Amino acid sequence: MHYSIYQHHQTEEIIQLFSQTFSDSEGIDAGKVIGCLVNELLASTKTDDLYVFIAKEAGKVVGSILFTRLTFESDKTAFLMAPVAVATQSQGKGIGQALIKFGLETLKQRGVELAFTYGDPNFYSKIGFESITEQQFKAPLPLSHPHGWLAQSLTTHPLAPITGNSACVAAFNKPELW
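Numbering (this note's numbering), first residue to last: 143 to 320.
No lab work stands behind these hints: they were computed from the structure. There are no misleading hints in this set.
Within a straight-line C-alpha distance of at most 20 Å, the following computed EDC-like cross-link-like pairs (lysine to aspartate or glutamate) qualify:
{"id": "1", "residue 1": "K280", "residue 2": "E255"}
{"id": "2", "residue 1": "K218", "residue 2": "D191"}
{"id": "3", "residue 1": "K243", "residue 2": "E272"}
{"id": "4", "residue 1": "K235", "residue 2": "E199"}
{"id": "5", "residue 1": "K280", "residue 2": "D217"}
{"id": "6", "residue 1": "K280", "residue 2": "E318"}
{"id": "7", "residue 1": "K316", "residue 2": "E276"}
Model, not experiment: these values are computed from the prediction.
Starting from the given sequences, assemble the full structure and let the hints guide the process.
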């Protein structure tokens, strides 16, 4: 398995991976929504506000994660990890966890202080994410599943609440995604 930062020529393969993986697990409509979201994130997010990581096996992309800038009123550097996909036939092999660790380590090396995600606490706690509340870290939009709001410090300092609002990149600024 090879983990790396994606190259622009892999855009269509990444969009297809997300569309198919979410169609398999959540249904065709969800696959279309996530595929469109990934397309929009890749097409419209400024380079400084986006990191995309991939896992390749036998020359094929089998996993991908996107990190987009999450801006707080404080001076903390933060990114939101979403979405995450591992090809259905490649799941259960630790690829997702290894890819996320690779991504988080890369962000850490680049000076990012905090990583957030919005998902299954049981899965993401295995990779160091902690459940948080909106009183500690305000989400950009109201959360439909507050128990899925998670964060992790990428520094030697523990998580400490941040006062004030946060903002996400434009592609995520849609209530139905939260």
